[in-house]
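A.B. asks: The primary structure of each chain is shown beneath.
Number of protein chains: 2
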Amino acid sequence: MEEWNETVEKWQELMEKGHYVQLREELNEENPANVAEFLEELPADKQLFLFRLLSKDMAAEAFSFLDNDTQEMLVTSITDTEVRNIVDNMYLDDTIDFLEEAPANLVSKVLRNTDRETRALINRFLHYPENSAGSLMTVEFVHLSKTMTAKRAMEIIRKNGLDKETIYTCYVIDDKKHLVGVLPLRTLLFADEDKRVEELMEEDVISIATLDDQEEAANLFRKYSFIALPVVDGENRLVGIITVDDIVDVIDEETTEDMEKMAALLPSDEVYLKTPVTKLARNRIVWLCVLMISGTLSSAIISGYDAILSQAVQLAAFIPVLTGTGGNAGSQTSATIIRGMSLGDIRPRDILRVMGKEVQVGMICGVLLAALNFIKQTIFSPSTDIMVDLTVSVSMGFVVVVAKAMGCVLPIGAKVCKLDPAIMAGPLITTVVDAVALVIFFNVAQWLVL
Amino acid sequence: MEEWNETVEKWQELMEKGHYVQLREELNEENPANVAEFLEELPADKQLFLFRLLSKDMAAEAFSFLDNDTQEMLVTSITDTEVRNIVDNMYLDDTIDFLEEAPANLVSKVLRNTDRETRALINRFLHYPENSAGSLMTVEFVHLSKTMTAKRAMEIIRKNGLDKETIYTCYVIDDKKHLVGVLPLRTLLFADEDKRVEELMEEDVISIATLDDQEEAANLFRKYSFIALPVVDGENRLVGIITVDDIVDVIDEETTEDMEKMAALLPSDEVYLKTPVTKLARNRIVWLCVLMISGTLSSAIISGYDAILSQAVQLAAFIPVLTGTGGNAGSQTSATIIRGMSLGDIRPRDILRVMGKEVQVGMICGVLLAALNFIKQTIFSPSTDIMVDLTVSVSMGFVVVVAKAMGCVLPIGAKVCKLDPAIMAGPLITTVVDAVALVIFFNVAQWLVL
Chain E
1 MEEWNETVEK
11 WQELMEKGHY
21 VQLREELNEE
31 NPANVAEFLE
41 ELPADKQLFL
51 FRLLSKDMAA
61 EAFSFLDNDT
71 QEMLVTSITD
81 TEVRNIVDNM
91 YLDDTIDFLE
101 EAPANLVSKV
111 LRNTDRETRA
121 LINRFLHYPE
131 NSAGSLMTVE
141 FVHLSKTMTA
151 KRAMEIIRKN
161 GLDKETIYTC
171 YVIDDKKHLV
181 GVLPLRTLLF
191 ADEDKRVEEL
201 MEEDVISIAT
211 LDDQEEAANL
221 FRKYSFIALP
231 VVDGENRLVG
241 IITVDDIVDV
251 IDEETTEDME
261 KMAALLPSDE
271 VYLKTPVTKL
281 ARNRIVWLCV
291 LMISGTLSSA
301 IISGYDAILS
311 QAVQLAAFIP
321 VLTGTGGNAG
331 SQTSATIIRG
341 MSLGDIRPRD
351 ILRVMGKEVQ
361 VGMICGVLLA
371 ALNFIKQTIF
381 SPSTDIMVDL
391 TVSVSMGFVV
401 VVAKAMGCVL
411 PIGAKVCKLD
421 PAIMAGPLIT
431 TVVDAVALVI
441 FFNVAQWLVL
Chain X
1 MEEWNETVEK
11 WQELMEKGHY
21 VQLREELNEE
31 NPANVAEFLE
41 ELPADKQLFL
51 FRLLSKDMAA
61 EAFSFLDNDT
71 QEMLVTSITD
81 TEVRNIVDNM
91 YLDDTIDFLE
101 EAPANLVSKV
111 LRNTDRETRA
121 LINRFLHYPE
131 NSAGSLMTVE
141 FVHLSKTMTA
151 KRAMEIIRKN
161 GLDKETIYTC
171 YVIDDKKHLV
181 GVLPLRTLLF
191 ADEDKRVEEL
201 MEEDVISIAT
211 LDDQEEAANL
221 FRKYSFIALP
231 VVDGENRLVG
241 IITVDDIVDV
251 IDEETTEDME
261 KMAALLPSDE
271 VYLKTPVTKL
281 ARNRIVWLCV
291 LMISGTLSSA
301 IISGYDAILS
311 QAVQLAAFIP
321 VLTGTGGNAG
331 SQTSATIIRG
341 MSLGDIRPRD
351 ILRVMGKEVQ
361 VGMICGVLLA
371 ALNFIKQTIF
381 SPSTDIMVDL
391 TVSVSMGFVV
401 VVAKAMGCVL
411 PIGAKVCKLD
421 PAIMAGPLIT
431 TVVDAVALVI
441 FFNVAQWLVL
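Same order as they appear, the protein sequences are chains E and X.
Counted from 1, the first sequence has number 1 at position 1 by full-length UniProt numbering; the numbering is strictly sequential.
Counted from 1, the second sequence has number 204 at position 204 by full-length UniProt numbering; the numbering is strictly sequential.
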């Protein structure tokens, strides 16, 4: 990191002093991800100027690493020829990534600067639903046929491989483009030159369909440690591949989305520091309003029992700790289960096993917490009515068990109803548990205190 | 999935009918990850029996995909010769993965069945701290020297590459083992045979040190889309590589850990359905107790203001909705910031920018929620004292702003103090916000209602 900061300072100095030739040379030899990082930190006018200094190849490569805002600014500002150069030199999946987020005028600016073939491909891609395997794939892969020799296959890779996203896994197709085998470059490299592809290839190919969800693709990468995964259409024809670097992004995106939903946020793709305050506020106000309004239920429950409260106002002091403990116990369970479901460790049909476990866990935790609370109260707050202490402890035991049970029913139920478990369980769990906790509390109070 | 269920049923049938020869044949041709999955679902005695049916290669490969419990059961039950066969055929990093979790008697059983060289390597690895880049690396990589020709480099890869974890990225070292360059197989394949490695290689190698955190390694993979990353010691000598498949696991582990901590759980590596109830309860009770006891603060605050409560018992009904809204607003912010910090988007030095944004977001949300609450109350609960409604609305506005500010101070502060932001901010935020919300609420009430 130290070194990188020094480099950035040096470049900034070169820029200020107008030593553009030297700056250009240094940038063109740098890693494109670093050039992109440097560009992003500059003011807009300097970004454009510097971007134009870059060599054609570097410009295209660095472009694919830039964030969407900078990409859009650049495409808006540069000429058609420059756009053509970038698109020609970028991998197709990076172009698609950009286009998916870009406003319509930029999309057409890019499309009119690509050749007919690429344009057709881009259009096909843009029609795959967001978050589908199809929207993630690239068409730049090497394909071989069964009857080739290993030698011929190597020649093809050498000849066509230069602009492919990966050459390390090659796919074997028949004359109708059906996917029939997979052949790692590694196997080819260690093979006898005269062996035929069909003798070397693995026939049992694991693939994914264009319309499958990207999360499913991520799970295949997790399970099989792939570096690429073939994507097929409804007739098992090979249409593209997904590479592992894109899957790392998918995994990050999906988890961020889960975390956001669990924290009562509307999911957002944008980088925090670049998101305007109004947009941040919009992403947050929705759930805050929904939860505040549904929290009215708790107020109604408390008001309904105000006869008890007036008689034993001491009870009010324990409302937050009781609803808080219930909320915590419920969130623990729902977070465990939501995460277990996204990683594929827990499936809806495990619901009974999960419920059984959680209720047992709830009973252990409930009894311990109730006891601990009672001891704490009698030692440290001897002035509180002992029946109030007992009410709080008994309610706490019940609340924890119920909260744990809800913590597994809500996310699994959501999944069964094809709703997103993270939304249905994350923010809602505390509200639901609050209401239930209050009802339990006041009923126990009626029984013990009055 | 359909297909896979059918395969499993077929295998189970073969096993019941005693058609072991056919079963053995089918298993040996299957993907090792699938064989491992099948094995895991069997009872322990059948696992051992079936595992012994597998060919040597398949046994070793499937072993590396098994979960820790099954691995330990198998190593406990099999003979020394069988252990040797597995370890010889596994990649070193998979062996390490297993040994890191295994009890001491199994570690020694494995160590006495490896040759001296491997044993020395394993011992070195086991001494790297958990979660360090060193503990993650493998030593099975291809290294080249600068002066070789491309042709000679290819010969070396062909000769030595067979048991290397990846041959797709090769590293160039000098005679003192210093890392001096990186050469993708791709470049080598397209190069002129007579070119020398130093002309082809990329000199600007990005590497990581053995003691660096694995999260840093993950961030490098995210940024540069690598399929492998070299690991160097304090003198820049190449000691190993990390491959992308291990990074996918690291990313999953780290996010699961963050989510667990944010949901007030002690982190656990174990698969949910295989974790015993007592262990689950232990992972949960710790934070539940801590939070319940710290929740006493809220009770104390409420008791301290019981004079106000007795005079206006209506106020009690709004405690849950107020603390709830505060907790939600705070968790939104802390979750955003914890996630932003793990992805490297937010750094501690951004604290002022983040604070500024959050306070503004808090003001927008606070004003909107306060207004909404006031309107809702006057329309739907006209019987409530208007000064009580006003108290709740005004407090809510303040609480949201304060909760947002705390939601960013807590995680960033934790990071600055080298504590884990997810622990410090996740479970604590609601407790802290509860207390602050109550103080605000009663002070506003004193001012408006009394």
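Just so you know, not all the hints are guaranteed correct.
Pairs involving identical chains hold if they fit within one copy or between any two copies, as the list cannot separate such chains.
Said to hold, decoys possible - Within a straight-line C-alpha distance of at most 27 Å, the following computed DSS-like cross-link-like pairs (lysine-lysine) qualify:
#, residue 1, residue 2
1, K376, K146
2, K176, K195
3, K56, K195
4, K109, K164
5, K223, K10
6, K223, K46
7, K195, K151
8, K46, K56
9, K56, K164
10, K223, K195
11, K223, K164
12, K177, K164
13, K109, K274
14, K415, K164
15, K56, K415
16, K146, K176
17, K223, K56
18, K176, K223
19, K274, K418
20, K159, K177
21, K415, K274
22, K376, K279
I should point out that these hints are in silico values taken from the structure, not numbers from a laboratory.
A.B. asks: Where does the structure disagree with the numbered hints, that is, which hint numbers, in rising order?
C.D. replies: When the structure is compared with the hints, numbers 1, 10, 14, 15, 18 turn out to be violated.
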